[in-house]
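In order, the protein sequences belong to chains A and B. The first sequence: position 43 = 43 (the numbering used here), numbered continuously. The second sequence: position 155 = 155 (the numbering used here), numbered continuously.
Hints in this document: simulated from the structure, not taken from any laboratory. Worth double-checking, as some hints may not be accurate.
Unchecked claim - Result set (EDC-like, lysine to aspartate or glutamate): computed pairs, CA atoms no more than 20 Å apart in a straight line: (1) A:K107 <-> A:E67; (2) A:K151 <-> A:D10; (3) B:K60 <-> A:E67; (4) A:K7 <-> B:E18; (5) B:K42 <-> A:E68; (6) A:K15 <-> B:E70; (7) B:K132 <-> B:E104.
Said to hold, decoys possible - Covered by chain A, per the in silico footprint, the following chain B stretches (three or more residues, Cβ under 8 Å): (8) 14-21; (9) 44-55; (10) 60-70.
Said to hold, decoys possible - Partner residues are not named here, just some residues of chain B that face chain A (Cβ under 8 Å, in silico): (11) I6; (12) Y7; (13) M24; (14) I25; (15) E27; (16) I40.
Keep in mind that this is a model prediction, so the values were computed, not measured. Using N, Cα and C, we set each Cβ at its ideal position, and we do this for glycine too.
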Amino acid sequence: MQLFNRKKDDWIEAKIEKATQEDFALVKSSDEFFFDWTKERKRMVFKMLEVSKGNILGLISITDFPEELRFHINLLESSKSNVGKNKIIDGIAGSLIAHVVSKAFGKGYNGFVSLILKTNLIEYYIKMYGFIRVGNALVIEGEQSIKLIKKYYKS
Amino acid sequence: MRIDKIYQKLKEQYSEDEIAESYMIPETGTVKEDETQYAISKYREERLNQMSDHEKVVSKIISLKFQIVEHVKEQSFSFHKTFGSFLLEYIKALGRSRKEISKELDLHYTKLSRIINDREEPSIELCYRLEKHSGELINVLNWWQLIKKKEEFILS
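Same shape as in the complex, but just chain B:
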């Protein structure tokens, strides 16, 4: 059945709000798709140019959060994707030096480097500090799950 026919059928059974609540039905008739896609890409370009440095940093941190979430979901484990490697990415996203971050986290610079290089295991306390440091954008559970994933791999 074609999209428009299904939409008409749905309208016989449900209100517009009920349909919108459960479906995303594309406009197929009146919309010139090429023009619309062009309008979206133009707007996208404008927005990217308008983004402030702060917005860019926030965006990078949230991106990192969802990379962690996706990684934790994966069955496999890689020593290239550990707490330490994500912590390094976090520091890069902030555009700051390790020294500055170690001070802000109240963590000795050497200890921070050892954690980044996977020579020392992080503590739950550090997960809490990182949550606070990221303005709760990456929460304690995200960090903790990285530690747990590595432990599970080593124990298995």
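Looking at chain A on its own, in the form it has when it is part of the complex:
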């Protein structure tokens, strides 16, 4: 997939893979991540890599609920260099969410993905990604999920 490098004003190649035990150790020892990802190691965790450098740009932790035909996002984090006004690369979080949504289609879940988010962040997720509220949770599925993939999953 392609992500935009704001500093170079150019596109870079990135890929998403399952995180390994070595990755958890690497992330813990790096200064690029705030969260303790070793706590997520028993869950399904994906890393986004910058292909040319091999560095981790972001991580996402999910849980599969096969009986309910949905994935649930537990945690997502972009590397510190890619947060805020001075971030280098755009769209890391969106692409990671789109990856989970694509997996939710691949498994026959109609792109259904849920999450429980900090209240102050909810509006952004509704506006930017097309999630809708269900109780205290946010969910996305079907057509909105297709839109999200088209917007963020550029290959």
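Based on the hints, put chain B in the right spot on chain A.
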């Protein structure tokens, strides 16, 4: 550091939009997780029951698209996952007969069967026709990559 502490720290450095743009931080304090999970699963069940036949077909085709994408990414090759086998799955997803599909693709029924059974190689032209036939849900590149993957395996 606990999730809430990290969130507070992030709020000191970034606006809420900047945080939302780069993180998915779960609510841990006020939300009763069991109740919320129940609400999600109830909603999920309702939505599944409400899905129209058309929505179900579209969903199956997109599912197939991402199965192709995942398969193409895999290092290994299997003769059980070829263009022909995915084409068969595509026809099944539509819930239509091979005869109907062969007509719509302007492809002789025998030729379609030979491609499905891997006795004949598909053409790029067929990839374009399938893209159009699927309403561009599965694009020409998805189909083409399946042909390429098999060729690469045979040549290696």
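Checked hints:
This hinted pair checks out: K107 of chain A and E67 of chain A have alpha carbons roughly 12 Å apart, not beyond 20 Å. The straight-line distance between the Cα atoms of K151 of chain A and D10 of chain A is roughly 17 Å, inside the 20 Å bound, and the hint therefore holds. Restraint check: the Cα-Cα separation between K60 of chain B and E67 of chain A comes to about 17 Å, which is no more than 20 Å; the hinted pair holds. Only pairs whose Cα atoms come within 20 Å are accepted, and K7 of chain A paired with E18 of chain B is accepted, the gap being roughly 18 Å.
For the suggested pair K42 of chain B and E68 of chain A, the alpha carbons sit about 9 Å apart, so the restraint of at most 20 Å is met. A distance of roughly 12 Å separates the Cα atoms of K15 of chain A and E70 of chain B; the hinted pair therefore holds under the 20 Å criterion. Restraint check for K132 of chain B and E104 of chain B: satisfied, since their Cα atoms lie roughly 10 Å apart, inside the 20 Å limit. Restraint check on the segment 14-21 of chain B versus chain A: 7 residues with Cβ-Cβ distances below 8 Å, three needed, restraint holds.
Judged by the Cβ-Cβ criterion of 8 Å, the segment 44-55 of chain B is covered by chain A as claimed, because 6 of its residues qualify and three suffice. Interface restraint, the segment 60-70 of chain B with chain A: holds (8 residues with C-beta to C-beta distance below 8 Å; minimum three). The criterion of a C-beta within 8 Å of any C-beta in chain A is met by I6 of chain B, whose closest approach is roughly 5 Å, and the hint holds. Taking 8 Å as the C-beta cut-off, the interface hint given for Y7 of chain B holds, the closest approach to chain A being about 6 Å.
The interface hint given for M24 of chain B is met, as the beta carbon of that residue sits about 4 Å from the closest beta carbon of chain A, less than 8 Å. Given the 8 Å rule on beta carbons, the hint for I25 of chain B holds: about 5 Å separates it from the nearest Cβ of chain A. Annotation: E27 of chain B was flagged as interfacial toward chain A, and the flag holds, the nearest CB pair being 5 Å apart, inside 8 Å. Given hint, I40 of chain B at the interface with chain A, holds; its Cβ is 5 Å from that chain's nearest Cβ, closer than 8 Å.
In this structure, none of the earlier numbered hints is contradicted; all agree with it.
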